[in-house]
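S.K.: Spelled out, the chains give:
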Amino acid sequence: MELLNHIILGFSIAFKPNNILFCFLGVLFGTLVGVLPGFGPVAAIALLLPITFGLSPISAIILLSGIYYGAMYGGSTTSILVNIPGEAASVITCVEGYPMAKQGRAGPALGISAFGSLIGGTLAILGLMLVAPPLSEFALKFGPPEFFTLMLLGLTIVTYVSSGPVLKALMMAALGLVLGSFGVDTVSGFPRFTMGIRYLLDGIPLVPLVMGLFGISEVLLNLERTIKVEVYAKEIKNLLPTLKDWAASIWAIIRGTLIGFFLGLLPGAGPVIASFASYGIEKRISKHPEKFGTGVIEGVAGPETANNAAAQASFIPLLTLGIPATPAIAILLGAFIIHGVTPGPMLISQKPDFFWGVVISMYLGNAMLLVLNLPLIGLWVRVTLIPYIYLFPIILFFCLIGAYSINNTMGDVYLMLIFSIVGYLMKKFEYDAAPLVLAFILGPLLENALRQSLIMSQGEFTIFLERPICLVALLCASFLLLTAFLPWFKKKRPAIGMNE
Amino acid sequence: MKSRHVFRDVFVIGLVFGFLFFLPGVGFSATDFPKKPLNVIVPFAPGGITDTIGRLVSKQVENYLGQPLVIISKTGGAGAIGFKEGADAKPDGYTLTVLTTTLGCAPHALKGYPVTFKNFDPIVRVVVYQETLIVNATSPWKTLDDFIRYAKANPGKLRVGEAGYGSNHHFAGAGFASGLGLQFIFVPYAGSAETLTAVMGDHLEATFAGSVEAASLIKAGKLRGLVTLDQKRAAVLPEIPSLKEAGISGLWIPPGWIGFGLPKGTPKEIRETIYAAFKKALGDKELIEAIRKYGLEIEEQGLGEFGKWMEEFHNNVGAIATKINLKMK
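Chains as they are written, first to last, in my numbering: chain H, 1 to 500; chain E, 501 to 829.
One or more of the hints may lead you astray.
What the hints assert, rightly or not - Only part of the chain E face toward chain H is listed, based on derived beta-carbon distances under 10 angstroms:
{"#": "1", "residue": "N654"}
{"#": "2", "residue": "P655"}
{"#": "3", "residue": "G656"}
{"#": "4", "residue": "R659"}
{"#": "5", "residue": "E662"}
{"#": "6", "residue": "G679"}
{"#": "7", "residue": "Q683"}
{"#": "8", "residue": "I685"}
{"#": "9", "residue": "Y689"}
{"#": "10", "residue": "T773"}
{"#": "11", "residue": "A776"}
{"#": "12", "residue": "I824"}
{"#": "13", "residue": "K827"}
As the list claims (entries may be wrong) - Below are the DSSO-like pairs computed for lysine-lysine, each with C-alpha atoms no more than 27 angstroms apart in a straight line:
{"#": "14", "chain 1": "E", "residue 1": "K722", "chain 2": "H", "residue 2": "K351"}
{"#": "15", "chain 1": "H", "residue 1": "K16", "chain 2": "E", "residue 2": "K722"}
{"#": "16", "chain 1": "E", "residue 1": "K779", "chain 2": "E", "residue 2": "K559"}
{"#": "17", "chain 1": "E", "residue 1": "K768", "chain 2": "H", "residue 2": "K141"}
{"#": "18", "chain 1": "E", "residue 1": "K793", "chain 2": "H", "residue 2": "K141"}
{"#": "19", "chain 1": "E", "residue 1": "K780", "chain 2": "E", "residue 2": "K744"}
{"#": "20", "chain 1": "H", "residue 1": "K291", "chain 2": "H", "residue 2": "K244"}
{"#": "21", "chain 1": "E", "residue 1": "K559", "chain 2": "E", "residue 2": "K719"}
{"#": "22", "chain 1": "E", "residue 1": "K768", "chain 2": "H", "residue 2": "K351"}
{"#": "23", "chain 1": "H", "residue 1": "K141", "chain 2": "E", "residue 2": "K642"}
{"#": "24", "chain 1": "H", "residue 1": "K141", "chain 2": "E", "residue 2": "K780"}
{"#": "25", "chain 1": "H", "residue 1": "K351", "chain 2": "E", "residue 2": "K793"}
Simulated from the structure, these hints should not be mistaken for laboratory data.
Each residue gets a CB set at the ideal place from its N, CA and C atoms; glycine is no exception.
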């Protein structure tokens, strides 16, 4: 009954005309950045953050979260039609989606991504509604030792499921840890790596970092290459998948939902890893694994479902524990704080209108996205045709304005430019920016939790073994590490990763 | 809009030339100030309490100065960036800075913090919000006495939150412990939202937090306030006794505060003109009500008096830092 009242409250807020408008703008912009290659949801949320300063907190978060999950829909379009991933979580969709388009089956591929996304997204929101409120009461039990072990487990799983060149990923993670430790140490007050620069006392800010690494670096990279775009746009028909397509995809969609939901809950995983994991699993359990790579529909349906489910599920650790699981969520966390809302165990009970309003708006947003991505698909196809010589200067222009306008500080602009060069070099030498940003976000949280725990226990490491939640998390993490090193398991480990 | 600007610009230019012609060498005069919009530097992020109060007050002051007050957020560097820019601005009265607790605390905790209250000409203090000693609502300590007795009997056992290195919460905890001869395990957190949550989850036995921040959780029955760390009760938590009522004297704990200042060396007439406008604005029912919504009461104090108050604040925090041997790194 209480749940029903909350849902009604949520509807009354989400369906206010202005919130419907902001939800629509969010998912529209999200689809756009999803479709546009080289400009993902992370940079887009960072860019739009200052524009929301004048909005009410609820409207602002509805808008910004719409960008995040909207991008998960849009990304598949470019992957399928152009063979260029619209954003990172749709990289794997190229593998099956583009061959399908070449065979003249672009319609069903786009259709099944949209329906899979809707199913994965809405089921994950249902999970969010059911899990988050009890979890947030339970979350008060999470002290520094629990936070520490939980994040440790999350990072272990991330390293476990992502393969690719491990050494490069570790190097990027190490760099991220170093960058994350800049600024005044909260324990001793020691200014680390500030080099006497006042700007660095608070550490390196996240927004210019990601705008540089994910936004401008892409523009720089594209200056030097001519992209020959081959768009399979003329053959978009039969958007509604046939019964045969459904039969082939339905289990992939259900599995994708579950994989996405649980990976989304973990600090560090998120949509990108979820899409790769889903693809890997579909391929492993398929009756015809040899056909993968030639355009099988379940290879599109699974990952596209999983990335949406993960995007929605990653709101759970944010709203209940205040842990940002992905870079995009970390920027959303910043937006929450700017708007005077502190994510954490008290959020749902103290600001029920906020929580339920935002959650219900996600249903609304997902419904809008289905309309945007099926009947209006022609519009987005045309977006993929925009020549980059117009597109990239615009992105550059908005990034520069966006970086300045958050704090009105030139420091942010310089920092963004430095990181755009770093990001450009990283892309040139094929280093993935994701581990860097993940370590940058989670590193300081992990360090604080560790030091707080040890201060509480007066230096006794047994504090991590005495508490049940910690013990379970540590056991799971050690089990995973063990299996990763044992040769028998090593062979069985699904070969999936972000760098493939 | 455009034509109005043109008209205003012509008017301003006319005014300037008029003065040049008829009053050569007069320079500043209280009557010709302000001739253009004023900037207000807010050194902390939009949406926070400093920004909110800064905006509310500035809006109201516009009515009395006859010019817009434009808010400029200059965040970063633990407030240092905004304060420094405000202090270095031209002392012509057109750049105000929102001054806060941090200006009195950070110079004692962070080496090379570039500004103190001395870099500003004080204009007005707007609000003061007391610190409160917070425990879990289910904890066995019902009064300050219970708590102190337990802490004395169990030195080095109680885990107490330190909400932000170099913040007034940090100095409040340090001043409380050293002043009463108690030993705590201080567990550092990033801010008071986090320490309050940790007290609710029994990860900390107590913490020091602003009365305003803790009020809603105390009223919701999740937390208990043992004492308001001031000589009088906090308006937002009228049921919690003050230090004086709890029978403790001679203990000074830094409260949070927000005020306005101008760069050092601003002419006296301009300071007085601006202060007069603030004083009128702070007396407006509208503004009093708006600020009360945030659980705060206006405690107006102007010019020299405010300056003296800031100096005392600065010295008292310095005394705590010396007492606990806080080394700046």
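S.K.: Regarding the hint that R659(E) lies at the interface with chain H, is the smallest CB-CB distance below 10 angstroms?
M.R.: Hint holds; R659(E) Cβ to chain H Cβ min 6 angstroms, cut 10 angstroms.
S.K.: For the hint on T773(E), just tell me whether its beta-carbon gets within less than 10 angstroms of chain H.
M.R.: violated, 27 angstroms
S.K.: Against chain H, is G656(E) within 10 angstroms by beta-carbon distance?
M.R.: Since the shortest Cβ distance to chain H is 8 angstroms, the answer is holds.
S.K.: Holds or violated: is the Cβ of A776(E) closer than 10 angstroms to a Cβ in chain H?
M.R.: violated, 29 angstroms
S.K.: Would the pair K141(H) and K780(E) pass a check requiring their Cα atoms to be no farther apart than 27 angstroms?
M.R.: Since the Cα atoms of K141(H) and K780(E) sit roughly 49 angstroms apart, the hinted pair is violated (cutoff 27 angstroms).
S.K.: When you check the alpha-carbon spacing of K768(E) and K351(H), does it fall within 27 angstroms?
M.R.: violated, 47 angstroms
S.K.: Take the C-alpha atoms of K722(E) and K351(H), compute the straight-line distance between them, and say whether it is at most 27 angstroms.
M.R.: holds, 15 angstroms
S.K.: Mind checking the CB of N654(E) against every CB in chain H and telling me if the closest is under 10 angstroms?
M.R.: violated, 14 angstroms
S.K.: Using the nearest Cβ pair, does Y689(E) come within less than 10 angstroms of chain H?
M.R.: holds, 7 angstroms
S.K.: Are K559(E) and K719(E) close enough, with their CA atoms no more than 27 angstroms apart?
M.R.: Roughly 31 angstroms separates the two Cα atoms, so the pair is violated.
S.K.: Sort out whether K722(E) lies within 27 angstroms of K16(H), counting only the CA atoms.
M.R.: violated, 32 angstroms
S.K.: Would the hint on I824(E) stand, with a C-beta cut-off of 10 angstroms toward chain H?
M.R.: Where the cut-off is 10 angstroms and the nearest Cβ of chain H is about 12 angstroms from I824(E), the hint is violated.
Hints 1, 2, 6, 7, 10, 11, 12, 15, 17, 18, 19, 21, 22, 24 from the earlier list are contradicted by this structure; the remaining hints agree with it.
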